[in-house]
Amino acid sequence: MTGGPAEPVLSVEGLEVHYRVRVPGQRGKVTARAVDGVDLVVHAGETLALVGESGSGKTSIANAVMRLIEPAAGRIVFDGIDLVPLRGRALRKMRPHFQMIFQDPFESLDPRRTVLDTVMEPLVINGIGESADDRRKLALVALARAGLTPPERMGARFTHQLSGGQRQRVAIAAAMILEPALVVADEPVSMLDVSLRAGILTVMADMRDRLGVAYLFITHDLSLAWMFADRIAVVYLGRVVEEGTSADLIDSPAHPYTRALVSVIPVPETSRDAQRTVLSGETPNPSAIPSGCRFHTRCPLYRELGEPARCREVDPMLAEVHSVVGGHRAACHFIDQQGVS
Amino acid sequence: MSLLEIRGLTVAYPGKHGDVLAVDGVDFSIGKGEFVGLAGESGCGKTTMAMAIPNLLPRNARITAGSVVFDGADLTTMDEDGLRTVRWNEISVVFQGALNALNPVHTVGSQILEPIRVHDRGTSEAEARSRMEELLEAVGIPAGRAGDFPHQFSGGMRQRVMIAMALACRPQLVIADEPITALDVMTQAQILDLLRSLCDRYGLSMLLISHDLSVLAQTCDRVAVMYAGRIVETGPAGRVFGSDEHHGGARHPYTQRLLRAYPNIRRERVFIEGIPGYPPDLTQPQSGCRFRARCDLAIDKCAEEPTLVDVGGDHRAACWRLDQAVTS
Amino acid sequence: MTSDQAAQGIDDIEYEKPPSNWTLLWGDRMGRWGIIILVVVTVLAVFGPMIWPFDPAAVGEDSSSIFQPPSSAHWLGTDELGRDVFSQFLMGARISLFVGIMATLIATVIGAGIGVMAGFFRGPVDSAAMGVTDFFLVVPALPLMIALAAIFGQNLLIVIIVIGALAWPRTARIVRSQTLSLRERQFVPRARSLGASNARIIRTNITPHLLALIVANTILVVAGCILAEATLSFIGLGDPNRISWGSMLHFGFVSGAVGRGAWWYFLPPGLGILVVVLGFTLVGQSFERVTNPKMRGGA
Numbered sequence: 000m001t002g003g004p005a006e007p008v009l010s011v012e013g014l015e016v017h018y019r020v021r022v023p024g025q026r027g028k029v030t031a032r033a034v035d036g037v038d039l040v041v042h043a044g045e046t047l048a049l050v051g052e053s054g055s056g057k058t059s060i061a062n063a064v065m066r067l068i069e070p071a072a073g074r075i076v077f078d079g080i081d082l083v084p085l086r087g088r089a090l091r092k093m094r095p096h097f098q099m100i101f102q103d104p105f106e107s108l109d110p111r112r113t114v115l116d117t118v119m120e121p122l123v124i125n126g127i128g129e130s131a132d133d134r135r136k137l138a139l140v141a142l143a144r145a146g147l148t149p150p151e152r153m154g155a156r157f158t159h160q161l162s163g164g165q166r167q168r169v170a171i172a173a174a175m176i177l178e179p180a181l182v183v184a185d186e187p188v189s190m191l192d193v194s195l196r197a198g199i200l201t202v203m204a205d206m207r208d209r210l211g212v213a214y215l216f217i218t219h220d221l222s223l224a225w226m227f228a229d230r231i232a233v234v235y236l237g238r239v240v241e242e243g244t245s246a247d248l249i250d251s252p253a254h255p256y257t258r259a260l261v262s263v264i265p266v267p268e269t270s271r272d273a274q275r276t277v278l279s280g281e282t283p284n285p286s287a288i289p290s291g292c293r294f295h296t297r298c299p300l301y302r303e304l305g306e307p308a309r310c311r312e313v314d315p316m317l318a319e320v321h322s323v324v325g326g327h328r329a330a331c332h333f334i335d336q337q338g339v340s
Numbered sequence: 000m001s002l003l004e005i006r007g008l009t010v011a012y013p014g015k016h017g018d019v020l021a022v023d024g025v026d027f028s029i030g031k032g033e034f035v036g037l038a039g040e041s042g043c044g045k046t047t048m049a050m051a052i053p054n055l056l057p058r059n060a061r062i063t064a065g066s067v068v069f070d071g072a073d074l075t076t077m078d079e080d081g082l083r084t085v086r087w088n089e090i091s092v093v094f095q096g097a098l099n100a101l102n103p104v105h106t107v108g109s110q111i112l113e114p115i116r117v118h119d120r121g122t123s124e125a126e127a128r129s130r131m132e133e134l135l136e137a138v139g140i141p142a143g144r145a146g147d148f149p150h151q152f153s154g155g156m157r158q159r160v161m162i163a164m165a166l167a168c169r170p171q172l173v174i175a176d177e178p179i180t181a182l183d184v185m186t187q188a189q190i191l192d193l194l195r196s197l198c199d200r201y202g203l204s205m206l207l208i209s210h211d212l213s214v215l216a217q218t219c220d221r222v223a224v225m226y227a228g229r230i231v232e233t234g235p236a237g238r239v240f241g242s243d244e245h246h247g248g249a250r251h252p253y254t255q256r257l258l259r260a261y262p263n264i265r266r267e268r269v270f271i272e273g274i275p276g277y278p279p280d281l282t283q284p285q286s287g288c289r290f291r292a293r294c295d296l297a298i299d300k301c302a303e304e305p306t307l308v309d310v311g312g313d314h315r316a317a318c319w320r321l322d323q324a325v326t327s
Numbered sequence: 000m001t002s003d004q005a006a007q008g009i010d011d012i013e014y015e016k017p018p019s020n021w022t023l024l025w026g027d028r029m030g031r032w033g034i035i036i037l038v039v040v041t042v043l044a045v046f047g048p049m050i051w052p053f054d055p056a057a058v059g060e061d062s063s064s065i066f067q068p069p070s071s072a073h074w075l076g077t078d079e080l081g082r083d084v085f086s087q088f089l090m091g092a093r094i095s096l097f098v099g100i101m102a103t104l105i106a107t108v109i110g111a112g113i114g115v116m117a118g119f120f121r122g123p124v125d126s127a128a129m130g131v132t133d134f135f136l137v138v139p140a141l142p143l144m145i146a147l148a149a150i151f152g153q154n155l156l157i158v159i160i161v162i163g164a165l166a167w168p169r170t171a172r173i174v175r176s177q178t179l180s181l182r183e184r185q186f187v188p189r190a191r192s193l194g195a196s197n198a199r200i201i202r203t204n205i206t207p208h209l210l211a212l213i214v215a216n217t218i219l220v221v222a223g224c225i226l227a228e229a230t231l232s233f234i235g236l237g238d239p240n241r242i243s244w245g246s247m248l249h250f251g252f253v254s255g256a257v258g259r260g261a262w263w264y265f266l267p268p269g270l271g272i273l274v275v276v277l278g279f280t281l282v283g284q285s286f287e288r289v290t291n292p293k294m295r296g297g298a
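Protein chains in written order, with numbering that gives the first Met the number 0: chain Z, 0 to 340; chain U, 0 to 327; chain Y, 0 to 298.
Since the hints were made in silico from the structure, they are not lab data. All figures in this text were calculated on a predicted structure; none of them were measured in a lab. Idealized CB from N, CA, C, for every residue including glycine. Where hints are given, some of them may not hold.
Among the chain Z residues that face chain Y by a calculated CB cut under 10 Å, a handful are [claimed, not checked]:
no., residue
1, 67
2, 81
3, 90
4, 91
5, 105
6, 112
Beyond 12 Å from chain Z on every Cβ pair, some chain Y residues (computed) [claimed, not checked]:
no., residue
7, 56
8, 130
9, 143
10, 186
11, 187
12, 192
13, 195
14, 200
15, 230
16, 239
Just chain Z, same shape as in the assembly (with noise of 0.2 Å):
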């Protein structure tokens, strides 16, 4: 979908984000590693998706990214500049480069808002543009790249007046009036019905043409991580456990996390030689991580390989993959013990 590797514009480093919460049947709060040392790249122009369940820590991971949460250990770094450290002015100033739409288009937009005021904000919150008629254009322009024509009479309406997909264009259209060089764009489809989602997603890929944003993109959905990402990265419990190329990933899942996820993706088809690896129980809770590695109180390959001791007690690293693309890596002591497919 885009050229080959560039510039990294973001790349996060031992990122860690803590929450104290109350765990039933226990006394005060304890600790929950929401994220718990996660690196990634981003290359310019790119789309990287992290994939995961509930739970998994990848909101965190995008709210930290965005520096709406504060991380408790890591370095994020934004075309070149630790965005950790920065507070106030020097955070704000920053800010326009790196946008994010969000989940939720009826709870991101404000109701009181006119579409045009709420795709204006930015420009008006940045001091861009040198007229309230200049910002206007420039807003009406951003409307119609979304799909939102004619952009006279959209920009008039109330944004409660708009229905969930129409929303998310102006939440797309508002994100990049700034011409950021990262969108984090977290479940943008998932609250909308299937017919609409394809026309929400072609926006977004004809901004990244256009404009070569690049995403990070936050889904549950790793069907369609695979259909708009360049690359993915799966997370389990606060941690990266494989990544790589959509298709070599999807083709060739390495870890045994992602083996049991690709084998129950849905798919609109009856399939016959179906072999779904549904694992049992659920993800356990960040505030009591498994020890060893964290994926072994629910690995079928653990059990298939009469638990060994490693499992339990030593914490795999991502180690690349053999595969034909390169950049495929896993956290699993025994990727070679099951093959590659």
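Fit chains U and Y to the known structure of chain Z by using the hints.
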């Protein structure tokens, strides 16, 4: 002989400009032990249709025409007392948003016991308890957790409890309205497997409602696709979702387009397609094929009402352009 | 294609304009009565003293003019100095309303300010602000008002400040809890990610959503402040140079009007307080009901 036979069912809500026909003359049936999926986007009438079966419609909705014959009796003409014995005992419902429907101050065990006590009066306390424990085990929850409260359960576990409650009075038909929507992919797979296995084990009939066609493809025996209050296509899952010539594949243009809105990792990596336009405004009277305004294949003939036509092997579609649609 | 897709379906949808708060308020029976009461009282207070022929401070000529029962000349009779009670009543309405409203403005500014800060910044700011609020909430207001009025002297400004400074905690609590829930709405992180400063987020994303709540609360606080003024004046801590309903009650009491059965002296200010407080309460509660959709349709 079908367990459930719906004929010409029409459900109306009062609207500003007259009645809104949320369900508009639907024929539909479910066989004994059959697992049927009902798909459609929001507002297509799938929930209204399903809730019309045990007559659990909202107060302002009315069944204006048609019959719902269940096990030989027409439920649309049955009085409230009769319906009450049918509900739970014969037909039970797992409601949408059921994850929050459990009472937080009662243990899950007592909540499963309640329908047994209310609807199966003859059951002794010991019998009811042992059935409750059996149900918990059947939905994959250790019976030892019967004394736990709902907040000690995850979303997937609560959904299992809701399913156990629905099975409490040994119904013949379970209607599950979007039972997996708020759940994770892996939990979704667990619940779908569970529903399927319960269906096979107890000989249940199941009506699974979902907005997600791809979820239905792998679980259901038969599927029906609704659009603007009508069923536009129905047939064995293997045929509707068939992927080669022998299995036909979807025949209605709406179903076909909807299927192209899902990424399919088993096929070539192509960008998904949307469907231009919006569903018709049901507050206005409708005629002809409801999909024709959004359909590439629409011709003048489509202003006339299409009926479900058998295209082979109990696979039916309501479209005037079936000859064209097959190749697209 | 995507553009057409978005454009379609817009024209055929009719949007109903939601009725304004005032329309809803007038449609609410309690609200309507409250409005009628307040309009009547306000008109009386503003225009009454201009029209009524007697100076409320003009004393009678001789002893025969004191404690006169109502007559065609003096509609509400005269007091212990032969002054016209009705003109005092009209004048008193002005002072009671003025003090009530001014004190409320002070209370609202303090309360809303502290509430927004506490709710928005949370953490230590919240703890400190709520500590102070809770202190003022539980401190017995009347003795404190008496003490403050006694210390700072008896004039209208002091009375207003003392009442206002004690009436804000409820507002602060309500505004804080609403702000806490507003800041969780996704448009707040969205504004932040666009580069908006805290001040801007509070100004443009939080405050507009609080207005209806603040208005409803303010109207209710007015009732409390009017009562507080009446109480202070009744026990003799009001501004002795101004006639308010509370001071009328005070002088009626000390002059022995109650013992003499001069009901025309103490009944009108008492009823006046009752009716005005009722009016504000009715409007305030009704406004709360119509602007809070969760409560709407409840009663």
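Hints and how they fare:
1. 67: Since the shortest Cβ distance to chain Y is 5 Å, the answer is holds.
2. 81: At about 18 Å, which exceeds the 10 Å cut-off, the nearest Cβ of chain Y leaves the hint on residue 81 (chain Z) violated.
3. 90: holds (9 Å)
4. 91: holds (5 Å)
5. 105: holds (9 Å)
6. 112: holds (9 Å)
7. 56: Holds, since 51 Å exceeds 12 Å.
8. 130: holds (21 Å)
9. 143: holds (37 Å)
10. 186: violated (5 Å)
11. 187: violated (9 Å)
12. 192: violated (5 Å)
13. 195: Contrary to the label, residue 195 (chain Y) does not stay out of reach of chain Z, its closest Cβ about 5 Å off (not over 12 Å).
14. 200: Residue 200 (chain Y) not clear of chain Z: closest Cβ-Cβ about 10 Å, inside 12 Å.
15. 230: holds (40 Å)
16. 239: holds (48 Å)
This entry does not satisfy hints 2, 10, 11, 12, 13, 14, going by the numbered hints stated previously.
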